[in-house]
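Mind docking chain R on chain S? Use the hints.
Listed below are the residues making up each chain.
2 protein chains.
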Amino acid sequence: MTTVTVPAGSLFGPDNLPYGVFSVDGSPPRVATRLGDTVIDLAVLLGDEVFARPTLNAFMAEGYDRWVAVRAELAERVTGEIPDEAVHPAGDVTLHLPIEVADYVDFYASEHHAANLGRLFRPDNPDPLMPNWKHLPVGYHGRASSIVVSGTDIIRPCGQRKGKDDPAPVFGPSVRLDIEAELGFVVGTGTAMGTSVPVEEADRHIFGVVLFNDWSARDIQAWEYVPLGPNLGKSFASTISPWVVPLLALQPARVPTPTQEPRPLPYLAMEQPWGLDVDLSVRWNGVEVSRPPYREMYWSPAQMLAHLTVNGAPSRTGDVFASGTISGPAKDTRGAFIELTWGGAEPVDVGGEQRTFLEDGDEVVITGSAPGPGGARLGFGEAAGRIRPAVLPATRTG
Amino acid sequence: MTTVTVPAGSLFGPDNLPYGVFSVDGSPPRVATRLGDTVIDLAVLLGDEVFARPTLNAFMAEGYDRWVAVRAELAERVTGEIPDEAVHPAGDVTLHLPIEVADYVDFYASEHHAANLGRLFRPDNPDPLMPNWKHLPVGYHGRASSIVVSGTDIIRPCGQRKGKDDPAPVFGPSVRLDIEAELGFVVGTGTAMGTSVPVEEADRHIFGVVLFNDWSARDIQAWEYVPLGPNLGKSFASTISPWVVPLLALQPARVPTPTQEPRPLPYLAMEQPWGLDVDLSVRWNGVEVSRPPYREMYWSPAQMLAHLTVNGAPSRTGDVFASGTISGPAKDTRGAFIELTWGGAEPVDVGGEQRTFLEDGDEVVITGSAPGPGGARLGFGEAAGRIRPAVLPATRTG
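If you're matching them up, the sequences are chains S and R in order. Going by my numbering, the letters in the first sequence line up with residues 1347 to 1744, in that order. Going by my numbering, the letters in the second sequence line up with residues 1347 to 1744, in that order.
Each hint should be verified, as a subset may be incorrect.
Which copy is meant is left open, so a pair is good if it fits within one copy or across any two.
Within a straight-line C-alpha distance of at most 35 Å, the following computed DSBU-like cross-link-like pairs (lysine-lysine) qualify [what the hints assert, rightly or not]:
| # | residue 1 | residue 2 |
| --- | --- | --- |
| 1 | Lys1480 | Lys1677 |
| 2 | Lys1480 | Lys1510 |
| 3 | Lys1508 | Lys1480 |
Because the hints were derived from the structure by calculation, they are not lab data.
Chain S with its partners taken away, still in its complex shape:
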């Protein structure tokens, strides 16, 4: 038996207890939690087969009351003696995509981000927001299969792009490859077709939270997106953190959203919509270039889920909805490089180099932390990815 010591200042103290999926030396992936610098095998610790699976889905599907019960049991067990075979140094394990993703929807919930993009794309329009923006959380479906775990290399996508003055589109590797620093919300239990999740019940359905990087090819996106929205500019990859922090752990991080005016329609209205006080950090080749503050987000997670299902769309265990780029009011809180560099016009200093969009070999690491009880801070690990050169599609065989 072993006891785990948590280093001072660890983002994985006993108030976090996130869930992830690990393997060691090629063993089959299984569910774990993390305490300090130690990864703890939950199937061994708790003797429950639901954790001897390659994703969290089976556990999540057991529902809210089980999430509460397991978390309480975990909190007690991890501070005591733990079987040696359940304990692995964090540096020894491989972390995997923790969930089997069902449907994936990306929202656009930051007013600062939406307004910045409006100013960039529609400079002559006096109101940078579209008329629907303050009435509903605007979102679109993305490609579930393209969600990968932190550390997966990102291959620069190819596609069509056309500058305003080009006579015709050209094909090739994206030259405006960007990030979007977001939070992703993992749906633990879904709803049947024809029903919806009221805003007050969202936290019985949302299992947990991940860091999310929605890699974006701005040139592909700009040419393709009328009138049906982004598609190939986004569908090549999104990176999530390996640790899913339970929404239950983020109770101390709840903060009011900014004032919502006009008042949302009743299905979106809450006495006090809650956001989360998560501070993100974006490092570009090791240099911190932005600190996006999730607390600034206009639409709350509960409102996003209520909107997503209000038309009766079925939801499922493993659905992920992401917040959209997190941007605050200050320049150094913008969560996408297109905003940070104002469309490429204002390069940022990255370790002495003036940079606008991503170059091959660049690495972006997003981290984040939230307040826990008693001054502790809780972390998610990181959402990291390095850009690999484009692979041109096979030439014609004919």
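Showing chain R alone in chain S's frame:
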């Protein structure tokens, strides 16, 4: 042992042999084919456990060479003596969703449809097509969990809508509920992240074809869709036919697409892009109101799949991509009621009633057939759905 007699004129003759999933008297769902009015249990007929599953996915994942081999074996076996326990009258079985849907993308591949919607939504624009439309197959991701099998009731969705002169949006049941008559293409084998499907290899990846009705709430869609595309206006339900017709069966139905001018970029260019000569029929409460011709579609299935993956987006067994509304040049070939009734301004006669959009209790049945060898025609069954009244979301508990 039994032999199956195919009635004259059956759309399920021995040249079709579609795949579906059935159950009888509450038994677990299994894979079948259909011959005439008989459903044949393939696990029994072929003695292969891959067909004793509730979806086609495991079989599809075995790949193109197996699809060819099984089809050849089936063609031989169904004309001979068949074990009694493999044979069920079509009227005795329940048909289920035949595939587990992975990602779902809906295209917009009919020039007539895109131009009609352009004229309706942007009447002052001299060119009804967006500038990208003839350069790439425009598409967007939809909600995979909302795909249901023919016969599933469709609950009228609720959502926000705002007329041009309304001061603010209102919430309630959609009042412009519509259909989109399409074909859906089922991906049998996928591709790894970072790779793509060349146009010449599409038919090694596309397993088969279904009828597809992308139910659409035009009022919800019109308010929500800027700038990220349709979302809740589409995500409540799409209906597919229970039978997946193998692409291998549709070889005689291949026809050239309309002339593509300007010439597509090399990754989309084919010596002769092939479409499919499938004639659809849309019946509204039993009255045929449209006959959409798939042969008129501008972008081919191979081009849609090549585009979908050219950025390196991973594809998977069970992915579905649909064509978008099929509309021909004549009014009575328009595959959506918004076009057929010109935005509601020109009602159609439905059994003596003047109708524009769908009312509660209405039923829409889409059928289709394609030429087989020697003058035979092949069918898909039907994509049918009846509109049930809206269910308002639960009122606030607070």
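Hints versus structure:
1. Lys1480 <-> Lys1677: within (22 Å within a copy, 39 Å between copies)
2. Lys1480 <-> Lys1510: both (30 Å within a copy, 17 Å between copies)
3. Lys1508 <-> Lys1480: both (31 Å within a copy, 13 Å between copies)
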